[in-house]
Each structure stands twice: as structure tokens, then as C-alpha cells.
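Which chain is which? The protein sequence lines are A, B and C, in order. The opening residue of the first sequence carries number 2 in my numbering; numbering runs sequentially from there. The opening residue of the second sequence carries number 158 in my numbering; numbering runs sequentially from there. The opening residue of the third sequence carries number 339 in my numbering; numbering runs sequentially from there.
It should be emphasised that the hints constitute simulated quantities derived from the structure, not laboratory data. A portion of the hints provided could be inaccurate.
Unchecked claim - Stretch-level coverage of chain A by chain B, calculated; a stretch enters the list once three of its residues show a Cβ under 8 Å from a Cβ in chain B:
1) 66-76
2) 243-256
Claimed, not checked - Below 25 Å or equal to it, Euclidean Cα-Cα: the simulated BS3-like pairs (lysine-lysine) are:
3) Lys-161/B with Lys-9/A
4) Lys-343/B with Lys-361/B
5) Lys-161/B with Lys-130/A
6) Lys-284/A with Lys-358/B
7) Lys-328/B with Lys-358/B
8) Lys-488/C with Lys-354/C
9) Lys-354/C with Lys-266/A
10) Lys-265/B with Lys-284/A
11) Lys-487/C with Lys-266/A
12) Lys-265/B with Lys-426/C
13) Lys-265/B with Lys-266/A
14) Lys-194/A with Lys-208/A
15) Lys-265/B with Lys-85/A
16) Lys-563/C with Lys-230/A
17) Lys-343/B with Lys-284/A
18) Lys-294/A with Lys-563/C
19) Lys-265/B with Lys-354/C
What the hints assert, rightly or not - Some chain C residues close to chain A (C-beta under 8 Å, calculated; not the full set):
20) Ser-344
21) Thr-376
22) Asp-379
23) Leu-381
24) Arg-411
25) Asp-413
26) Phe-474
27) Glu-492
28) His-506
29) Pro-510
30) Lys-516
31) Cys-522
32) Pro-533
33) Glu-558
C-beta atoms are modelled at their ideal positions from N, C-alpha and C, and glycine is treated no differently.
Listed below, chain by chain, are the residues.
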Amino acid sequence: MIFKVFKKQELARLYELLAVNVIVGPVGRGNDRHGKPLYDFDVVYDFDELALDYTQTVHSPKRFVLPYQETLSTFAVSRDAWEKHVDLNVYRPLVFFGMHACDINALNKLDLVLAQSAYPNPYYMGKRKNLFIIGIDCNPEPQCFCRSMGTDFAIHGFDLFLTDLGGKYFAEILSATAFGLLSQINCTDPGAKDHTLYKQATSGKNKHYTATVDTSDLTKILDLEFESKAWDYWGEKCLSCGTCANVCPTCYCYGVEEHVDLDLKHASKAKSLHSCNLIDFAKVAGGHNFRPKSASRLKYRYYHKHRGFVEAFEESLCVGCGRCGAACLADITPPAVIASVRGKE
Amino acid sequence: MQNKLHFIDILGKDTGAHRKEDPDSFEYTLPAEITSIYPLTATEKLYQIQIIDPNQRNRFTFKPGQFVMLELPGIGEAPFSISSSPVRHGDLELCIRAVGNFTNFLAKVERGTRVGITGPFGTSFPLEKMQGNDILLIGGGLGIVPLRSPLLAVLENRSRYGRVDIMYGAKTPAELLFTYQYEEWKRFDISLGITVDRADKGWKGRTGLITELLRERIAQTASLRENTYAIVCGPPVMFHFVCKMLTEAGLPMQKMFVSLERRMHCGRGKCCRCNIGSTYTCLDGPVFDYWSVMNLKEAI
Amino acid sequence: MSEQLSYLGIPLSRPKVGFFELSSCEGCQLQLLNNEATLLDFLNLVEIVNFREGMSERADNYDIAFVEGSVTRKDEIARLTEIRKNAKILVALGSCACFGGVNQLKNRFRDLDWVKKEVYGDFPVETMEVHPLADFVQVDLEIFGCPIKKEEVERIVTDLIVGKAVRHPEYPVCMECKANENICLFELGEPCLGPVTRAGCDAWCTSNRRGCWGCRGPAEGANLKQLEEIMHTYGFSSETILDRLECFGGFASFAETLRAQAKKTPARRKKS
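Can you build the whole structure from these sequences, using the hints too?
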């Protein structure tokens with residue numbers, strides 16, 4: 002791995018070099034009712050729009066690779082035949098300027114199922130392969146439990162990762178493109194002092210976690226506690242509104258609907274991201290619902306993320322960003338749910 | 158402009174093979190045509206569907222137990238077990254009950270309608286492994302639909318198998334499917350048992366549950382021979398009892414195969430609709446051995 | 339215009355359609371005329387035989403009747419019964435027709451004579467308690483919303499003609515609100531019925547920073563008990579919740595229970 006350091010003011014120059022491309026990054030979205038600043042990812046047009054010291058965005062960067070709604074194909078229908086047209090809805094590369102480790106790891110997890118297993122999803126892959134990612138370090142928020150999930154640092158899945166060393170950025174370079182870019186700004190190889198500062202920064206981060214999830218032996222415990230009363234307790238609170246899945250950086254499940262156009266000569270097939278908490282998620286043609294109770298749907302979500310995915314890919318489908326718990330109006334958070342299923346309320 | 162990032166077109170190298178490892182296979186639909194429609198009961202019809210291009214049709218191969226996605230533009234896309242024999246390649250037979258939006262529309266279309274076929278998807282019954290063994294083919298209700306493909310494959314290669322028993326039950330005689338073929342299946346080297354839960358006036362056959370047929374079959378040989386395989390297709394409550402009875406008769410769980418129904422949506426292990434835990438019914442199933450089913454929460 | 343409609347080889351009939359209004363603002367009907375881009379295609383799909391907002395000719399030989407508004411006068415019952423008799427499919431168009439809508443707010447007052455005097459002064463009209471259509475006739479299809487969404491009506495009409503079953507989203511507005519990447523209005527200090535209201539509006543109000551008032555009625559399996567808890571957690575009174583739940587009538591039964599529990603009287607209720 003190649004490391005470089007550069008002075009903070011050089012970052013604006015890096016931005017300008019990349020500005021021939023579309024750039025997405027964290028931006029401010031006002032304050033909440035307690036005056037706490039809110040952030041989200043959006044397309045930016047100026048370096049000063051970027052809020053690189055952001056805490057956590059309300060929504061995940063998911064929509065840039067997995068849009069909430071997407072037209073998969075369109076059809077031209079004539080009297081006795083029809084033709085299908087497929088458009089992957091990706092036309093240009095995208096620069097992601099300032100992504101935290103959890104979200105980078107989330108994309109890596111999505112890759113496992115959407116790009117690296119049977120039937121890779123081209124709509125996802127097209128967007129994912131055209132992402133240039135600049136990661137940036139962060140300080141844990143109260144809802145963050147990424148350390149428990151092993152996703153507090155990103156090892157791969159980015160081009161460049163920046164760590165704030167005070168007046169300088171410590172840059173980790175993973176791609177030739179990123180290396181080429183850095184050669185155009187003033188940067189140097191890190192010295193012994195930079196190494197020390199870097200190590201201090203990362204170990205300092207570890208001291209700030211407040212939320213934790215005990216993942217030891219969790220796959221088996223979820224099986225053992227399949228009938229636990231804890232599921233009913235959380236199920237009663239659950240609004241079955243799908244908010245948790247929508248803000249989640251790794252939830253990818255979806256539904257497809259086809260529509261005939263008003264002129265009866267065209268049709269389209271569109272995908273919408275769904276949530277396994279929605280009441281009709283497991284309903285089949287004819288009306289039978291495999292999971293009519295909200296408790297069984299909520300349990301299924303945990304089961305998929307913390308047991309099923311682990312079984313299939315040896316890691317969990319959760320990066321511990323805590324967005325789902327923060328966004329849940331009924332205050333259902335993974336640390337609380339998993340602790341209660343473990344019997345440690 | 159040297160820092161303008163290079164656009165990567167992931168479909169750039171279309172090999173035309175459309176293997177399940179290729180991203181271009183995802184939305185690749187084979188144009189096909191409904192060549193005939195036979196009503197089987199009041200609600201089920203048998204559709205003969207032919208992949209239009211002769212080359213594509215011959216290249217289309219599947220194994221008994223697998224399913225295809227059938228698409229009608231603007232109406233939808235839905236998974237259906239293939240009911241025809243694998244020797245017929247892309248000349249498919251799908252038996253479809255009109256229950257939902259898609260299938261109700263399908264019930265109205267006529268011969269000659271263009272449809273899209275994607276697949277085949279999913280796991281299959283391991284017929285190669287079953288060669289040289291006795292085979293029990295047990296179906297209940299609509300379960301005959303996924304059962305018919307392995308059944309035909311076994312009949313076509315009868316000499317490769319030991320004793321073959323077919324048992325099929327429906328609620329009423331009117332709900333029995335493929336009645337026109339029973340004569341064909343009733344061969345000297347096949348034991349065919351048909352039963353209904355409730356007889357009607359014209360019914361001359363057996364009345365009773367499928368488990369009674371099975372009990373008699375087991376009693377004939379005192380216990381099942383060691384080299385026996387069972388394929389069980391039907392509603393969960395049925396295969397639960399059947400598999401329990403087979404287990405008691407000494408058949409190991411990994412020698413019983415079932416086909417599970419779930420809300421399959423994408424067929425490609427991507428939408429999570431059919432998951433049971435992490436198990437995608439569409440990728441890891443629909444055919445499972447009974448041992449795997451026992452290990453799935455919510456499966457039965 | 340008279341060309342035979344068909345889709346995938348299935349011949350389709352062009353239904354005769356009538357639009358009618360009982361007590362309402364006729365805003366739902368106006369919505370339909372709102373978008374010229376699709377109007378011609380829409381008119382090619384159906385034959386409109388009765389539409390006061392759009393044409394002067396009238397006929398009563400319609401297959402589908404879209405009825406907007408709620409029933410607030412006795413003569414409207416007779417009119418509705420007549421429409422039902424003529425129509426093969428009767429569609430309740432908009433929240434007034436489905437639940438009583440904004441009109442049913444007056445049902446909260448026990449003394450209707452007082453209401454009448456407040457509203458009409460010395461020129462009283464004959465009016466009674468407000469009812470949704472389904473209280474008097476069989477309704478085959480409901481199209482929710484105040485107002486309805488034109489795109490949704492067009493989709494439903496296309497589905498009816500093509501022979502697809504009409505399905506409404508069963509999940510609540512939150513789902514669509516999050517898909518628009520809105521900041522939750524509760525976090526911004528505003529009450530919202532999004533967590534319990536049927537989606538389908540694409541979070542029209544909340545995307546414009548207006549809390550949901552539940553015009554589409556309850557989502558399937560709506561967790562109203564939890565909503566009440568949330569409202570209190572975020573510092574909103576029972577009266578604030580009731581104001582919203584009672585606005586369009588879709589949550590009538592739950593609102594009644596809640597009001598009984600809270601033992602609160604409506605703000606301006608008079609003795610009967």
C-alpha cells in the first residue's frame with residue numbers, strides 16, 4: 002500500500018482536478034429540532050459545498066448505486082409482437098468525495114451478493130464500477146457500532162482514503178488513477194512523525210464508541226432464540242414502514258412492477274427498493290402471506306443480516322452505522338434488539 | 158481534461174453465451190411463443206411454449222425441477238416450474254393456475270401470443286444420482302406440476318431405475334391434473350396410484366389421503382429398500398407427513414427431495430423475496446433434500 | 339378514435355365513463371384535466387359520456403362511474419343510487435367519496451343546526467351528517483387522496499381496461515418519503531401521519547415539508563398505538579394527533595377510540 006501526506010489546503014486543488022467529473026459528497030441539510038446539524042449526500046458543484054467534517058448522513062450513499070426506483074426495461078408492443086429494451090441507467094463515472102469507512106464497507110458487502118455471485122446485477126455493477134471513491138476518517142457518533150461489526154476501517158473498496166492529522170491529510174492510495182491525481186498536487190511521503198500521528202488518530206477513534214453489539218456466536222443464538230418473546234416485543238412497536246431498510250446502506254431487496262402505458266403501445270418494468278418489514282413483502286399470488294405478523298418480518302430482517310448472510314459470505318450484512326436505529330421512530334435499534342434476544346435487557 | 162475518468166461499460170464484451178456468471182444474462186429474455194393451450198381443470202391450463210429461434214431452442218437445456226421466468230410486457234414476470242421432459246429442450250410445457258394478476262391475464266391470452274422466457278433457474282432433482290435405485294414419486298395437488306418433469310424423465314429412461322412408484326392425490330376428482338396421461342403412465346413396469354380426498358358421483362378410483370397409498374406401498378416390502386429415493390411435491394402439510402412416514406420407514410433424510418414454493422420474484426437471488434433465512438428458494442432451491450428443509454427456519 | 343383497442347392480441351373494449359360529483363370541491367376531477375401531455379391518450383382509452391368539468395353533453399349509459407365527493411344531502415342518496423344502477427363499476431374518487439373527507443369534520447359537532455347557522459347564516463340549506471359512498475351503495479374500487487393523483491387514476495384506468503387487478507400500496511407513506519431522501523419531519527419538530535397512512539402519493543406533502551394529514555386513510559396493519567406513543571415522545575398532544583386523524587375520516591374508528599380514551603371534548607363542541 003502506498004501512503005502520502007499533503008497539506009490540507011491541497012485538498013481543494015485535488016477537488017478542482019476532479020471537477021471535470023460529476024462529484025457527489027456530504028452536504029449540510031439544516032438542523033434538527035435540537036439544533037444538531039444534519040447531513041446527506043448530494044451532487045456538489047463547488048468545493049465549499051462539501052461538509053467533510055460531517056458526523057453521519059441521514060441516508061446512506063446507496064441510491065448512487067441502487068436507486069430507490071429504477072426502470073429496468075421498456076417494451077415496444079405492436080399487435081402481435083413486442084421488443085424489450087434494456088438500459089442500465091449509467092452514463093458517466095461518479096466521484097464520491099468523502100465517504101466514511103462504514104459506507105465503503107457497505108458497498109463491499111453489496112458487491113458480494115450483487116456483483117460477485119451468480120447472476121450479477123448489471124444495473125448495480127455498471128454504477129459501482131464507475132465510482133471513484135475518496136474515503137475520509139470519522140469520529141464515532143452515539144449510534145455507531147461499526148467497531149462491533151468489524152467495519153470501522155476500510156481495507157479495500159476505495160481509491161483514496163484520507164485521515165485528518167491536524168494540518169495535514171494522511172492519504173492511503175489504492176488505485177493508479179488516485180496515484181496519478183496525487184502526483185499533480187503537492188504531497189510527500191509520510192515521515193516517522195506522520196506515522197505516529199496516524200496511529201494516534203486511529204487509536205483515538207477507538208476510545209469513543211458507546212454503542213456495541215455482541216456478535217459472538219450470534220448465528221447460533223438467533224437460531225436458538227427463534228421463538229423468543231423478544232421478537233414479539235419489538236414486533237409490537239414496529240411500524241412496518243420500511244424506514245430502516247431505506248436508510249440502510251446494505252439493504253438491497255426489491256420488488257418489480259410492470260406497467261402498460263396509456264397508449265397501449267409501450268410498457269415498462271420498474272424496480273423499487275422494498276423492505277422485508279413491509280406487510281405484503283412475503284405475500285404470494287392468491288393472497289397467502291408467509292409472514293403476516295410484524296414480529297416475524299422484523300425477526301426475518303435480523304435473521305437475514307446477522308445469520309443468513311454470515312452463513313453465505315462469512316460476514317454480516319450490517320456495517321453498524323446505526324442509521325436504522327437513528328431513523329426508527331419506534332426506537333428499535335440493533336444493539337437493543339440483539340441484546341434482548343440474547344436475554345440481556 | 159486528463160483527469161476525466163474513463164467510463165466502464167460492463168456490457169461491452171457480450172459473449173452471447175448468457176451464462177449465469179455474466180452480467181448480460183440478467184435481463185436477457187428469450188423470445189418465445191405460446192403454441193397451444195389446453196385447459197386441464199377449471200383453473201389450470203397447460204401452456205406449450207416454444208422458444209422461437211431454433212438455435213436458441215436447441216441450446217436451451219434444463220434439469221427436472223428447475224423453473225423459468227415467464228414475462229409478458231407490462232403485465233409482469235413470474236416463475237413457473239417446467240412440467241415437460243428435458244429431452245424437449247426449448248419446447249416447454251408449463252402448467253399454470255390462474256390465481257394472481259399475471260396468471261389471470263395469461264388465462265385470457267390466445268395461441269400465438271409472444272412471451273419472454275428467462276432461465277432455467279434453480280436446483281433440480283438429482284436423477285443421475287438416483288439411477289439404479291428404486292424411486293418414489295409422490296405428488297399432492299398442484300405438486301404434480303414440478304413432479305411431472307422428473308416423472309417423464311424417469312419413464313423415458315425406465316431401464317436405468319429399479320422399482321418406480323407414482324402416487325398422486327388431489328382434494329377432488331375435478332382437481333386432478335394430467336388425467337389424460339394416466340393411461341400412458343400405467344405401465345407394467347410402473348405402479349401408479351391415484352387418490353382423492355373426497356369422491357364425487359362419477360369417481361371410480363380410490364378415496365383417501367396420499368399417506369394411505371404410501372402406507373400400503375411401504376407395507377408391501379416391510380420396509381423401504383436401502384437404495385430408495387423419494388421425490389415429494391405438494392403443499393407443506395402434505396410433504397411434512399409424507400416425509401415423516403418415509404423417515405419412519407427407514408429412508409434417510411438426504412434421500413428425500415422436495416420442491417418448495419415461496420414468493421419468487423427475480424429468480425436470480427437478488428431481491429430477497431423468497432429467502433428463508435439466507436437461503437434463496439430461487440438459487441439454493443426450489444429443490445431441497447429434506448435434511449436441508451429441516452434446517453430452515455420457517456420452511457414448513 | 340373508433341379503432342379497436344387491443345393488448346398482446348387480446349381485444350379490449352373502450353369503456354363508457356362518467357364523472358360525477360356529490361358534495362365536494364370537484365378538485366379531483368380537475369386534476370384529471372390538469373395534464374395536457376397525456377390527456378389525448380387517456381381520451382383514446384375511454385369514451386367519456388358525462389363530465390361536467392370537461393363537456394356539456396350528458397348521457398347515462400356508462401360502464402364506469404367515477405363519483406367524487408361525500409353524501410351530505412338526502413337528494414344525493416337518490417342520485418348516488420341512480421348512478422350505481424347505471425354503472426357496472428362504481429369508483430369512489432378521492433378521500434371525500436372514500437371516507438367522507440374534509441366534509442366529515444362537521445360530524446364532530448353534535449349540534450348540526452349550530453354548524454349550519456355558522457356556515458350559511460340566514461340562508462340555510464338542507465344538510466345532514468356526512469357519509470362516504472359505501473354507507474349507501476356498493477363501491478367497487480376506491481381511489482384515495484385529497485386530491486387524487488392523476489398518474490394513479492390513469493394507471494388504474496389502464497389496468498382496468500387491460501384486465502389487471504388494481505392494487506394499492508399496502509405500506510405507509512414513510513416508505514416513499516424515505517425514497518425521496520427527506521429528513522423525517524418528526525426530527526424537524528413537526529407532527530406527521532406518514533407512519534400510518536397508506537402510501538401511493540409519492541410523499542407529496544412531506545417532500546414539501548408538510549406533515550402528512552392522512553388523506554389516503556390507514557395503511558394495511560397500521561400501527562396506530564405506536565404512532566400515539568411517538569407523537570407523545572416528540573411532544574405532541576392528544577389533540578394534535580386527533581386533529582390530524584379526524585381530518586379526512588379515514589381513521590374515524592381509531593380516532594373515536596382515542597377520543598373516548600383521552601376523554602377530551604372537541605374544541606368547540608356545543609351542547610345539543
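Next on the checklist: Tell me the hint numbers this structure goes against, listed in increasing order.
Outcome noted: 6, 17, 23, 24, 25, 26 and 28
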